[in-house]
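Student: Spelled out from the first residue to the last, the chains are:
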Amino acid sequence: MNEPGRQIQNLAKEKIFTLLHSRPEGLTGAEVEERLRHVGRNTFEVPDRWKTLRGLIKQFTNFFTILLIVSAGICFGAHSINPEESMDILGWALAGVALLNALFSFIQEYRAERAMEALQKFLPQLVEVRREGRIVKVQATEIVPGDLLILSEGDRITADARIVESEGLMANNAPLTGEAASVNLTAAPCAKRLTEASNIVFAGCSIVRGTGQALIFATGLRTEFGKLAHLSQAIKRTPSPLEQETAHMVRVLTVIAVIMGAIFFGYGVATGRPLWVNLVFMMGIIVANVPEGLLPTFTLSLAMGSLRMAKKNVLVKSLNAVEALGAVHVVCSDKTGTLTMNSLSITEITDPLTGAAVAPGLYRQTLALALSASEVRVTENGLSGDPLDVAVAERFTEAGGDLAAIQTNLRHYFAFDVAKRRSAGIVDYQGKKVFVVKGAFEALRPMLAAVASGGNEKMGEGSVPADTVSLDQAEATMSAMAARGLRVIVVAFKVLEDDLVTSGEIPDAMQESLEGDLILAGLIGIEDPVRPEVPAAVDKCHGASIDVILITGDHPETALAIARKSNIVAPEEVAHACAMTGEELSSHREEELMAKLAQGIRVFARTTPEQKMKIVAALKAMGKVVAMTGDGVNDAPALKAADVGIAMGRQGTDVARESAQIILLDDNFASIVAGIEEGRCVFENIKKFTNYVLVSNGPEILPYLLYILLPVPLALNVIHILSIDLGTDIIPSMALGQEPPDSEAMRKPPRAREQGLLTPALITHSYLFLGLLEGAWSLALFFYVLLAGGWTYGQELTLADPLYRSAMGIALSTILLMQIGNLVGRRFSRRSGLDKGIFRNRLLLLGIMIQVVFSWATLYFPPMQKVLHTGPVPLSIYGLAWFGIVLIFGVDYLRKRIMVGRER
Amino acid sequence: MQPHIHLAYDGSINADWVSRYALHLAANATAKKIHLVHILDGVHTEKAINAKIRAVEDECVAEGVELVKELRFLRRNVYSSLLEAIPPGSENLCVCGARATSRGRGFLAGTISELLLRRKRFNVMAIRVVKPGLLGVPRELLFPLSGHPRGLTAIMGFFQLMAPSVDKIHLLRVMHVSSLWFQYMTEAGAVKLRREGNAYLKKILDEFRSECGESAVQIDGRVTLSDDWVKEILIQASQLHAQMIIMGASDRNLPSRFFYGNKIEQILRETPCDVGIYRAL
Numbered sequence: 001m002n003e004p005g006r007q008i009q010n011l012a013k014e015k016i017f018t019l020l021h022s023r024p025e026g027l028t029g030a031e032v033e034e035r036l037r038h039v040g041r042n043t044f045e046v047p048d049r050w051k052t053l054r055g056l057i058k059q060f061t062n063f064f065t066i067l068l069i070v071s072a073g074i075c076f077g078a079h080s081i082n083p084e085e086s087m088d089i090l091g092w093a094l095a096g097v098a099l100l101n102a103l104f105s106f107i108q109e110y111r112a113e114r115a116m117e118a119l120q121k122f123l124p125q126l127v128e129v130r131r132e133g134r135i136v137k138v139q140a141t142e143i144v145p146g147d148l149l150i151l152s153e154g155d156r157i158t159a160d161a162r163i164v165e166s167e168g169l170m171a172n173n174a175p176l177t178g179e180a181a182s183v184n185l186t187a188a189p190c191a192k193r194l195t196e197a198s199n200i201v202f203a204g205c206s207i208v209r210g211t212g213q214a215l216i217f218a219t220g221l222r223t224e225f226g227k228l229a230h231l232s233q234a235i236k237r238t239p240s241p242l243e244q245e246t247a248h249m250v251r252v253l254t255v256i257a258v259i260m261g262a263i264f265f266g267y268g269v270a271t272g273r274p275l276w277v278n279l280v281f282m283m284g285i286i287v288a289n290v291p292e293g294l295l296p297t298f299t300l301s302l303a304m305g306s307l308r309m310a311k312k313n314v315l316v317k318s319l320n321a322v323e324a325l326g327a328v329h330v331v332c333s334d335k336t337g338t339l340t341m342n343s344l345s346i347t348e349i350t351d352p353l354t355g356a357a358v359a360p361g362l363y364r365q366t367l368a369l370a371l372s373a374s375e376v377r378v379t380e381n382g383l384s385g386d387p388l389d390v391a392v393a394e395r396f397t398e399a400g401g402d403l404a405a406i407q408t409n410l411r412h413y414f415a416f417d418v419a420k421r422r423s424a425g426i427v428d429y430q431g432k433k434v435f436v437v438k439g440a441f442e443a444l445r446p447m448l449a450a451v452a453s454g455g456n457e458k459m460g461e462g463s464v465p466a467d468t469v470s471l472d473q474a475e476a477t478m479s480a481m482a483a484r485g486l487r488v489i490v491v492a493f494k495v496l497e498d499d500l501v502t503s504g505e506i507p508d509a510m511q512e513s514l515e516g517d518l519i520l521a522g523l524i525g526i527e528d529p530v531r532p533e534v535p536a537a538v539d540k541c542h543g544a545s546i547d548v549i550l551i552t553g554d555h556p557e558t559a560l561a562i563a564r565k566s567n568i569v570a571p572e573e574v575a576h577a578c579a580m581t582g583e584e585l586s587s588h589r590e591e592e593l594m595a596k597l598a599q600g601i602r603v604f605a606r607t608t609p610e611q612k613m614k615i616v617a618a619l620k621a622m623g624k625v626v627a628m629t630g631d632g633v634n635d636a637p638a639l640k641a642a643d644v645g646i647a648m649g650r651q652g653t654d655v656a657r658e659s660a661q662i663i664l665l666d667d668n669f670a671s672i673v674a675g676i677e678e679g680r681c682v683f684e685n686i687k688k689f690t691n692y693v694l695v696s697n698g699p700e701i702l703p704y705l706l707y708i709l710l711p712v713p714l715a716l717n718v719i720h721i722l723s724i725d726l727g728t729d730i731i732p733s734m735a736l737g738q739e740p741p742d743s744e745a746m747r748k749p750p751r752a753r754e755q756g757l758l759t760p761a762l763i764t765h766s767y768l769f770l771g772l773l774e775g776a777w778s779l780a781l782f783f784y785v786l787l788a789g790g791w792t793y794g795q796e797l798t799l800a801d802p803l804y805r806s807a808m809g810i811a812l813s814t815i816l817l818m819q820i821g822n823l824v825g826r827r828f829s830r831r832s833g834l835d836k837g838i839f840r841n842r843l844l845l846l847g848i849m850i851q852v853v854f855s856w857a858t859l860y861f862p863p864m865q866k867v868l869h870t871g872p873v874p875l876s877i878y879g880l881a882w883f884g885i886v887l888i889f890g891v892d893y894l895r896k897r898i899m900v901g902r903e904r
Numbered sequence: 001m002q003p004h005i006h007l008a009y010d011g012s013i014n015a016d017w018v019s020r021y022a023l024h025l026a027a028n029a030t031a032k033k034i035h036l037v038h039i040l041d042g043v044h045t046e047k048a049i050n051a052k053i054r055a056v057e058d059e060c061v062a063e064g065v066e067l068v069k070e071l072r073f074l075r076r077n078v079y080s081s082l083l084e085a086i087p088p089g090s091e092n093l094c095v096c097g098a099r100a101t102s103r104g105r106g107f108l109a110g111t112i113s114e115l116l117l118r119r120k121r122f123n124v125m126a127i128r129v130v131k132p133g134l135l136g137v138p139r140e141l142l143f144p145l146s147g148h149p150r151g152l153t154a155i156m157g158f159f160q161l162m163a164p165s166v167d168k169i170h171l172l173r174v175m176h177v178s179s180l181w182f183q184y185m186t187e188a189g190a191v192k193l194r195r196e197g198n199a200y201l202k203k204i205l206d207e208f209r210s211e212c213g214e215s216a217v218q219i220d221g222r223v224t225l226s227d228d229w230v231k232e233i234l235i236q237a238s239q240l241h242a243q244m245i246i247m248g249a250s251d252r253n254l255p256s257r258f259f260y261g262n263k264i265e266q267i268l269r270e271t272p273c274d275v276g277i278y279r280a281l
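Read top to bottom, the protein sequences are chains E and H.
Residues in the first sequence are numbered from 1 upward in steps of one, following the numbering used here.
Residues in the second sequence are numbered from 1 upward in steps of one, following the numbering used here.
Everything labelled a hint here was simulated from the structure, so no lab data went into it.
For every residue, glycine included, the Cβ atom is placed at its ideal position computed from N, Cα and C.
Don't take every hint at face value.
What the hints assert, rightly or not - Some chain E residues judged to face chain H by a derived CB distance under 10 Å, without partners named:
#1 H21
#2 G226
#3 K227
#4 A229
#5 L231
#6 I235
#7 A247
#8 R251
#9 E394
#10 E590
#11 E591
#12 M613
#13 A618
#14 P637
#15 R650
Claimed, not checked - Far from chain H by the CB rule (all over 12 Å, computed), these chain E residues:
#16 I74
#17 N172
#18 E243
#19 S513
Here chain E stands alone, though its shape is the one from the complex (with noise of 0.2 Å):
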């Protein structure tokens, strides 16, 4: 650090007034408005009244969208010109898709923005201030720089102050610091950095005890919570892999059927065919390249997906974290609670020298001495207080000690102060005053004297100078215990003279004059047991190329030896290859980061929640899909900046479920790995479903092509394609998005961002492949049938024509049925698809039997035949229209098998 500062925190108390152009008596009412002019109202929302309005028109700028839109706007015009061919129906059903689409995104959208709402919450609605010499209530938007806070037990903090009196403050700083523990407060100049300071509240944070005044020098945004909440509102999560690569597959298809259509319209006016015909072929050609039922499809797809990830305790928020989760590379997780239980238990008690466990009469003492600097309450639920406070007043009740004894003679407590990583008490114990300080080692390795050892009960007696050999040694000790993955606190103290604490009040800033001269007691190891499914679970992730990375504000070793007990490192693995801290940490740059994090950092010790976001950028700038988990109200940034944001249900905070994406109803690193599987499975079967409705798009686009170019009739409108895209295809697409996951789904790397769903081979498979023969065989029956009938080529027929009615009905009754064959090939890239399963995916069956029912239906039931203005035919050439299931899966089966001769 440069020279000592001369900020807000540096400076006496009596100088902040005159620099605030402040005085203890308060802003008048006329600087408090002048004031308001100059920085605003203490508000966190940045005022924009046409943001709802911005999103909602948003929605339809899309390529999808607006193709939809303009296609309406066609049908409609050519309804007009010629209202006999019920353009309209086609236009309204256009206008409908691209309205429902818009809608549903815009309220996903819309949903995402709550962690605002969640955020505003933090903060009491009316404040108390100084103001003239009066304490007055007033709106917490209302408050400005130099007004005078009145604090007290309970308050919530309404903008960043200077403490200016403090009677025994204590705030809790969790919502900033992630810090469970509470801190002291002070009203004297300090000189740590501002968000550091003891003299300093902080919006959004609350006082847990005592009372005080301070001074605002920051409102609104400005607040260390107003950058958290500016964070929460502005950053945008980036487009998941799935919103990627359909927006560009719908790009592609936009781009094919717009050009296609441009090109046929062309011809069509060239050679002198009517405006209207040309609108309606070029409508057509549209129509039959856009898959309309497909977003859709994906959306029901998705939430079934979140039905099941639901059941494995994963909650999902926005539907597009369904896939998401399926595509990282990276999971970022916590320790405590997520790879661990949660639930602390002192596991020993060791000798700092000789590093073996002390004997039960020294067990006791030192819980004893622990308990002495520990705050613990006793309710009608059991003990409360912070989890290490509580862990040793249960381990010392197991060990026969009395609990209240220890309460009754503790004459003060000085609370745990998270800079100095300690806290202490005053206690009467064994006839002596005795001051006690707990805390990690680094803190209290400074101020102590001597060191325990020889297990000698009597305080005190047997101790040996803290020379450097007696403090390494006990450093060692200390370090090996971490290394067993033991979180580790020592325990010190000293006998006070009586004379020196009297029997009035103990101020906290004694605490100070009594550190030194300490005699080190013991070392407590304290173990928060990994979950037994996380090993297991972490493999899992290694197994499918997914990297595990865990970030903790522990000390390194115990990250480590987690880590190691996780399998997230290997035992072989040394500390400087796999791990960092977050001071190291925040003296690297980002690209210095990225060379880290490709070298094979996998665990981040010591570091603040504000790190987790430059972890999250150096890996998106990677290049990986990243999901990070957070639970605290500053983990709100992080969460949206991540790919994939899962909060916890049980230990996270209303702002950081509403910043995320996925909520972990159990906590538990299993369940992430859970939804990974989901997440892989769906986009598999998005992938076949895709694949599934393209095929169709084939036999729809031939006619037209046919029609064009030919003296042919159409074999098919656009009630027909609709039909198929909105109507048949969807139930059978929904049940290939049911298919369960596949064995090897956890044993491929994820795909790469790059991948995208529209690939050339799922082109070519689609559309030139299985989409031409089911054009070809469609079409040929069609031409049968009206051969059959008379029909001579480059005769013109009439929609009313039955002969041409019933070769409309062969075609598309062959397209449905043809389909079956295209469902049951889709279940697998390379298996026949009539595997074992086929008849526990009940929607399977119910798509078969819609295709079923439907090819029946165009043909023989009269009101559908007047719907689709199809007709009969024979019951032979609907057997060949059968046959067409035949050919399609067996033809494509014939290719997968090729396909294994190959790769083989």
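Since chain E is already given, all that's left is putting chain H on it; use the hints.
Tutor: Below, chain H alone, put in the same frame as chain E:
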């Protein structure tokens, strides 16, 4: 060479807040001197102004800085009066405030500060203070880099005055991509752009080190891709807990018309921390 510091002081509370920046810069300069200029334009009485300047003077004394005040009568307008009071040349730095309240007019557009920035008679730093509690001593600075070939050369003199109290500098290179292209950009395209950004950042870092040596200031650099560089700067400022954004101004982004759509105006309006707009000769 360290510049002489001139403070354009209009007597508002915002000017008091801006004066802390001038004071802080002067305290780090060898001359330890501020030339405070106030144009008596009738908004405040002379008595009131003298009382306010006395308060600034007290702060200067406490910091060991000499304050030379100059109250001038209005000639034509405040702008030309200021031009007469502040000598031209690159050895002079004028510290002034952005408009305290936008009221629909923008924070810089149409202000005397904008005219001073445009005039290019001396170095100018126009500051918008939104966090007066920082007392003009930001410890973490965010420098958005525009990709200009001159790099940080222009701002180096100013930075050297800030440096003693700065702990960390964040250099940010936002690679701007048009909105239409941004959503369809391939991964390979993004990697290429990032590489270009990192190369530029490295050049700036080398330049910075050669000018300032291996100072105690920690320097962080990052490259981001965005279709909205203003929004990206604001996000990074919040994320990095920057206490001040320092940006260079150019004629391109100082149009007096259409100020509401002006990028600098957007930053001044939505900033989570103090902002300094700098122009060196």
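Student: Are the hints correct? Go through all of them and say.
Tutor: Here is how each hint holds up against the structure:
A hinted interface residue such as H21/E counts as satisfied when its beta carbon comes closer than 10 Å to some beta carbon of chain H; here the least separation is about 6 Å, so the hint holds. Interface restraint check for G226/E: the shortest CB-CB distance to chain H comes to about 7 Å, inside 10 Å, so the restraint holds. A distance limit of 10 Å between C-beta atoms decides the matter here; for K227/E the minimum to chain H is near 4 Å, and the interface restraint holds. The interface hint given for A229/E holds, since its Cβ lies 9 Å from the closest Cβ of chain H, which is under the 10 Å cut-off.
A distance limit of 10 Å between C-beta atoms decides the matter here; for L231/E the minimum to chain H is near 5 Å, and the interface restraint holds. Annotation: interface hint on I235/E holds; nearest CB of chain H at approximately 6 Å, less than 10 Å. A least Cβ separation of about 7 Å between A247/E and chain H falls short of the 10 Å threshold, and the interface hint therefore holds. Below 10 Å, beta-carbon pairs count as interface contacts, and R251/E has one with chain H at about 8 Å; its hint therefore holds.
The closest approach between the C-beta of E394/E and any C-beta of chain H is roughly 39 Å, which is over the 10 Å cut-off, so the hint fails. Checking E590/E against chain H: minimum C-beta separation of about 4 Å stays under 10 Å; hint holds. Given hint, E591/E at the interface with chain H, holds; its Cβ is 5 Å from that chain's nearest Cβ, closer than 10 Å. Residue-level restraint check for M613/E holds (minimum Cβ-Cβ distance to chain H is 6 Å; threshold 10 Å).
Because the beta carbon of A618/E sits about 9 Å from the nearest beta carbon in chain H, less than 10 Å, this interface hint is met. With a least beta-carbon distance of about 7 Å to chain H, the hint placing P637/E at the interface is held under the 10 Å criterion. Given hint, R650/E at the interface with chain H, is violated; its Cβ is 28 Å from that chain's nearest Cβ, farther than 10 Å. With a least CB separation of 25 Å from chain H, I74/E remains clear of the 12 Å interface cut-off, as annotated.
At the 12 Å boundary, the C-beta of N172/E stays outside the reach of chain H, the nearest C-beta of that chain being 20 Å off. Consistency note on E243/E: stated as away from chain H, yet its beta-carbon is not over 12 Å from all of that chain's, at 10 Å minimum. No Cβ of chain H comes within 12 Å of the Cβ of S513/E; the nearest lies about 30 Å off, and the non-interface call holds.
Hints 9, 15 and 18, counting from the list given before, are not met by this structure.
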